[in-house]
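**Q** In the numbering used here, the protein residues as written are 518 to 1146.
Don't take every hint at face value.
[Unchecked claim] The list that follows gives simulated cross-link-like pairs (lysine-lysine, BS3-like), each with its CA atoms no further than 25 Å apart: (1) Lys954 with Lys916; (2) Lys777 with Lys794; (3) Lys1052 with Lys1128; (4) Lys926 with Lys907; (5) Lys713 with Lys777; (6) Lys1075 with Lys1128; (7) Lys916 with Lys931; (8) Lys832 with Lys869; (9) Lys777 with Lys790; (10) Lys713 with Lys687; (11) Lys926 with Lys832; (12) Lys1057 with Lys832; (13) Lys869 with Lys907; (14) Lys890 with Lys869; (15) Lys890 with Lys1057; (16) Lys1052 with Lys931; (17) Lys926 with Lys974; (18) Lys869 with Lys1075; (19) Lys1052 with Lys1123; (20) Lys944 with Lys931; (21) Lys832 with Lys890; (22) Lys944 with Lys907; (23) Lys1122 with Lys1052; (24) Lys1052 with Lys832; (25) Lys713 with Lys1122; (26) Lys869 with Lys954; (27) Lys954 with Lys944; (28) Lys790 with Lys687.
[Said to hold, decoys possible] For each label pair, taking beta carbons as the anchor points, the in silico distance ranges come out as: (29) Ser793 with Cys707: 13 to 23 Å; (30) Trp1131 with Leu921: 50 to 60 Å; (31) Phe933 with Gly736: 16 to 26 Å; (32) Asp1056 with Glu776: 31 to 41 Å; (33) Asp1077 with Asn668: 18 to 28 Å; (34) His690 with Leu921: 44 to 54 Å; (35) His690 with Asp710: 24 to 34 Å; (36) Thr964 with Glu905: 28 to 38 Å; (37) Asn1085 with Thr625: 53 to 63 Å; (38) Leu1084 with Gly917: 46 to 56 Å; (39) Gln636 with Glu776: 11 to 21 Å; (40) Lys869 with Phe933: 34 to 44 Å.
These are computed hints drawn from the structure, not numbers from a lab. We put the beta carbon where it would ideally sit given N, CA and C, even for glycine.
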Amino acid sequence: MNGSFSVRRSIDHLDGLASIFSNISQKARMPSATAPSTMNARTAELVRHLNTTAITNSTESYPGMHKLRSLRAAATLRDPFINEDTGFPLELRHRMGIRGLLPPAIETLDQQMARVLDQMRTKRTSIGQYIYLSNLRQSNVNLFYHVLLTNTSEVVPLVYTPVVGEACIKWSHIYQRPEGLYVSWNDRGCIRDVLKNWPLPEEARICVVTDGSRILGLGDLGVGGMGISVGKLSLYVAAAGIRPWATVPICIDLGTDNEKNLTDPLYLGLRMKRRSKEEALEFMDEFMAAVHAEFPELVIQHEDFATERAFDYLKRYQHSYPMFNDDIQGTGAVILGGFINAARHSASASGKELRDQRIVFMGAGSAGVGVAKQLLSFFINLGLSEEEAKERVWLVDTKGLVTLDRGDKLAAHKTFFARQPGGPQIKTLIEVIQHVKPTALIGLAATAHLFDEAVVKLMAELNPRPIIFPLSNPVHLAECTFDEAVKWTDGQVLFASGSPFASCGWRGHTIEPGQGNNMYVFPGIGLGAILARVKTISDKMIEASALALSDSLTDEEKADGLLYPRLNRIRDISTSVALRVIRQAQEEGLVGNPIIGNLGDDELKKYIEQKEYWPAFMSGEHIDLAIRS
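Using the sequences and the hints, build the whole thing.
**A** Take a look at the structure:
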């Protein structure tokens, strides 16, 4: 949401024109029989504008006509979905009433991008670059995604991790204009009415919703969590080609327990402590029912809810709505995909069977347990029972090895992997490693330096190719760095992190780190769920995304020893993930799109690719359609 929407509403309610605009709006949303299949929200908005321009060019006089003309011209350049700025051709500038409001030059997207990159790179800080890119997204969606897709390795870290963490902390201070939907405790009883205010309801296909209670590894940031919802949806667009106008960022405000927020005079959220678990659950019940009723084709992704509530909500809603939790399921899937490839290298080096992998998790929160549960499928697919698979996994938290009889009250989600009574009570990570002799060490504890030199060297002593995945975000909370892992294992580490690290030179050659970035799977999960119009998102569909990821390495990437494919192929990866997710949904009878069932794999791949959004100026076909309509 941005200022252009309020401008449009002001226009629509000018005296004497409400009914006219209502008819125009309906016409814009209903392409004629001769309309090309590429008709979309951008074209529809242009249709609406051109019809309105025809009215304003009329010799008839309406109350407020002079205001309407100026507002319409301003709205054109303020609407992020149709604004092409200096890319508008002369004919369209004249027809839309914006001739003279732009410099004379007519530029290509690449020319516009060159200016953006030049301006962005002059910003002295990462947060300054984040703010600049946010303003670009809110003013020119097409150009923003052209920049993002053309400069993935440089720009993705600026719009999501690691920089989004700082942005969420400073959200109330860097806020400049509205974006997304805020649903607060004050809205209980009328949540659906709030949802009705979303400006593009017919287009809504996917939302990311958070309550800001556990943002990355940074804790309770309240309404600062909106930065996560916005950033995540930017990746859905960039990585999977989901149309920008189909995305709905949502932040639920049930209060905050962060005293810095409560005492900050600029804080934008409710100034109250978080509501109780019971109150929050009642609120979420209303929210989930309302959002599904208002946007029946909307895929709902939960993000960064506090651990216990994240598990509770997933269990409560997973089989009733098309929803998933990326922290629990997406993280698990992306780590499973990389772990499968790492385990193959490890087993080859050690001569052991794949089923003999032994995994220690440092961190037993929602992400840790979610990953551990997903990794069970690795062992089960190798023929182990669930109980046998669970015996291959050990959880460690701040109190040591997680056991049923260590004397404290375990959180419910930890009991699944807790060791049975009667075993050793081990307090430190290095002692657990000495006892278990794991092949893999996975960190999701959000605490830097936990994988110190002694820990990493011990892993290298136990394994010729140790698997070490420090997955905590942002980068300053990673359990160890890539350079440290390479140095302490003499270059033999099989490494993946949650945040990006630079390549490392070692003994005359360059080693590339893996990054277990959820971006490898959640965009494809969302895309597949949208196109299939799934009723729910099953655990098997999540597993299918992981298997698709593990199979996506090219021969060159395998030769380079990579665990994950290179991100510059993210669209291809997302297409493969979406295809596997759709096929799994078909097997389970969860598909609501009748077209899908008649397509072979090649046809389905083509269907997916045809639905993907790519940044481009509106073609002559779109413009002609708009002028004819």
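**Q** Against this structure, judge whether each hint is valid.
**A** Evaluated hints:
no. : hint                            : verdict
1   : Lys954 with Lys916              : holds (20 Å)
2   : Lys777 with Lys794              : holds (22 Å)
3   : Lys1052 with Lys1128            : holds (20 Å)
4   : Lys926 with Lys907              : holds (21 Å)
5   : Lys713 with Lys777              : violated (33 Å)
6   : Lys1075 with Lys1128            : violated (30 Å)
7   : Lys916 with Lys931              : holds (13 Å)
8   : Lys832 with Lys869              : violated (36 Å)
9   : Lys777 with Lys790              : holds (12 Å)
10  : Lys713 with Lys687              : violated (29 Å)
11  : Lys926 with Lys832              : holds (21 Å)
12  : Lys1057 with Lys832             : holds (15 Å)
13  : Lys869 with Lys907              : holds (19 Å)
14  : Lys890 with Lys869              : holds (23 Å)
15  : Lys890 with Lys1057             : holds (12 Å)
16  : Lys1052 with Lys931             : violated (29 Å)
17  : Lys926 with Lys974              : violated (33 Å)
18  : Lys869 with Lys1075             : holds (20 Å)
19  : Lys1052 with Lys1123            : holds (23 Å)
20  : Lys944 with Lys931              : holds (16 Å)
21  : Lys832 with Lys890              : holds (14 Å)
22  : Lys944 with Lys907              : holds (21 Å)
23  : Lys1122 with Lys1052            : holds (21 Å)
24  : Lys1052 with Lys832             : holds (16 Å)
25  : Lys713 with Lys1122             : violated (34 Å)
26  : Lys869 with Lys954              : holds (14 Å)
27  : Lys954 with Lys944              : holds (16 Å)
28  : Lys790 with Lys687              : holds (19 Å)
29  : Ser793 with Cys707: 13 to 23 Å  : holds (21 Å)
30  : Trp1131 with Leu921: 50 to 60 Å : holds (53 Å)
31  : Phe933 with Gly736: 16 to 26 Å  : holds (24 Å)
32  : Asp1056 with Glu776: 31 to 41 Å : holds (38 Å)
33  : Asp1077 with Asn668: 18 to 28 Å : holds (22 Å)
34  : His690 with Leu921: 44 to 54 Å  : holds (46 Å)
35  : His690 with Asp710: 24 to 34 Å  : holds (30 Å)
36  : Thr964 with Glu905: 28 to 38 Å  : holds (31 Å)
37  : Asn1085 with Thr625: 53 to 63 Å : violated (22 Å)
38  : Leu1084 with Gly917: 46 to 56 Å : violated (37 Å)
39  : Gln636 with Glu776: 11 to 21 Å  : violated (37 Å)
40  : Lys869 with Phe933: 34 to 44 Å  : violated (26 Å)
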